[in-house]
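K.L.:
Residue-level listing of the chains:
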Amino acid sequence: AQKITQTQPGMFVQEKEAVTLDCTYDTSDPSYGLFWYKQPSSGEMIFLIYQGSYDQQNATEGRYSLNFQKARKSANLVISASQLGDSAMYFCAMKVQGGKLIFGQGTELSVKP
Amino acid sequence: DSGVTQTPKHLITATGQRVTLRCSPRSGDLSVYWYQQSLDQGLQFLIQYYNGEERAKGNILERFSAQQFPDLHSELNLSSLELGDSALYFCASSANPGRNNEKLFFGSGTQLSVL
Chain A
1 AQKITQTQPG
11 MFVQEKEAVT
21 LDCTYDTSDP
31 SYGLFWYKQP
41 SSGEMIFLIY
51 QGSYDQQNAT
61 EGRYSLNFQK
71 ARKSANLVIS
81 ASQLGDSAMY
91 FCAMKVQGGK
101 LIFGQGTELS
111 VKP
Chain B
1 DSGVTQTPKH
11 LITATGQRVT
21 LRCSPRSGDL
31 SVYWYQQSLD
41 QGLQFLIQYY
51 NGEERAKGNI
61 LERFSAQQFP
71 DLHSELNLSS
81 LELGDSALYF
91 CASSANPGRN
101 NEKLFFGSGT
111 QLSVL
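Sequence order for the protein chains is A and B.
When you line the first sequence up against our numbering, it's residues 1 to 113, in that order.
When you line the second sequence up against our numbering, it's residues 1 to 115, in that order.
Isolated chain A (complex conformation) (with noise of 0.2 Å):
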């Protein structure tokens, strides 16, 4: 069956800090995306980074970077000097047969000034 985990509820960081959001994946089809997605408390999902199954380089958006290892079936979402504004629900996606998204429960993120 294909399904997205996020272990982590909450995550806690400190402002200009490094902070990694897990997100573990399961399916058999060699083809697929990975998605991370954005949702502040106003509540609109904001797309933030992408992923392809047979790309050889991890993904970069800005202060933005995935932590791609297929082997173990994850992407993990690493966000740098992390800001205020960072903090919201964060949500890892996988792209399945026909299009659409499957999503996780999400990680909800507090930066602490």
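Hints in this document: simulated from the structure, not taken from any laboratory.
Among the clues, some could well be false.
Lysine-lysine pairs mimicking DSS-like chemistry, simulated, CA-CA at most 30 Å apart [said to hold, decoys possible]: (1) A:Lys-73 with B:Lys-57; (2) B:Lys-57 with A:Lys-3; (3) B:Lys-103 with A:Lys-70.
Pairwise CB distance ranges, derived in the manner of DEER restraints [claimed, not checked]: (4) A:Thr-60 with B:Glu-82: 30 to 36 Å; (5) B:His-10 with A:Thr-20: 43 to 49 Å; (6) B:Asn-59 with A:Glu-15: 45 to 51 Å.
For glycine and all other residues, C-beta sits at the position ideal for the given N, C-alpha and C.
Given the coordinates of chain A, work out where chain B should sit on it, guided by the hints.
P.N.:
Structure of chain B alone, referenced to chain A:
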């Protein structure tokens, strides 16, 4: 702004009632997805349409139905509402759902409260 428009933003209704949520996808996007977000269930995929045709079905209750119209906007109909249907309902869209690297663009959601 994602380009996906959902109306209304908030909806308060009573048990047993019927409501319709509306979604206009980004210009050019043929595929529309509906998701339900609640505290206990998280983000659950409900249904997907592509160019007017149902493409995939998830955990959608029989009391719920959806359609995508020729102008590509979509409506999600929720009937015989129960307290447990209170949730944030998202619509998302994409142009080429078959491409792994194509992200979904989400609307701002409709917050449904059933009293």
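K.L.:
Does the Cβ-Cβ separation between Thr-60 of chain A and Glu-82 of chain B fall within 30 to 36 Å?
P.N.:
The hint (30 to 36 Å, Cβ to Cβ) is violated, given that Thr-60 of chain A and Glu-82 of chain B are roughly 45 Å apart.
K.L.:
For the pair we were handed, Lys-73 of chain A and Lys-57 of chain B, check the Cα-Cα distance against 30 Å.
P.N.:
Between Lys-73 of chain A and Lys-57 of chain B the Cα gap is close to 26 Å, so the pair holds against 30 Å.
K.L.:
Below or equal to 30 Å on CA atoms is what counts here, so check Lys-57 of chain B against Lys-3 of chain A.
P.N.:
holds (16 Å)
K.L.:
Would you check the hint for Lys-103 of chain B and Lys-70 of chain A, treating anything up to 30 Å between C-alpha atoms as holding?
P.N.:
holds (20 Å)
K.L.:
Can you tell me whether the CB distance of His-10 of chain B to Thr-20 of chain A sits inside 43 to 49 Å?
P.N.:
violated (35 Å)
K.L.:
For the pair Asn-59 of chain B and Glu-15 of chain A, does the Cβ-Cβ distance stay inside 45 to 51 Å?
P.N.:
violated (39 Å)
Consistency note: the structure conflicts with the earlier hints numbered 4, 5, 6.
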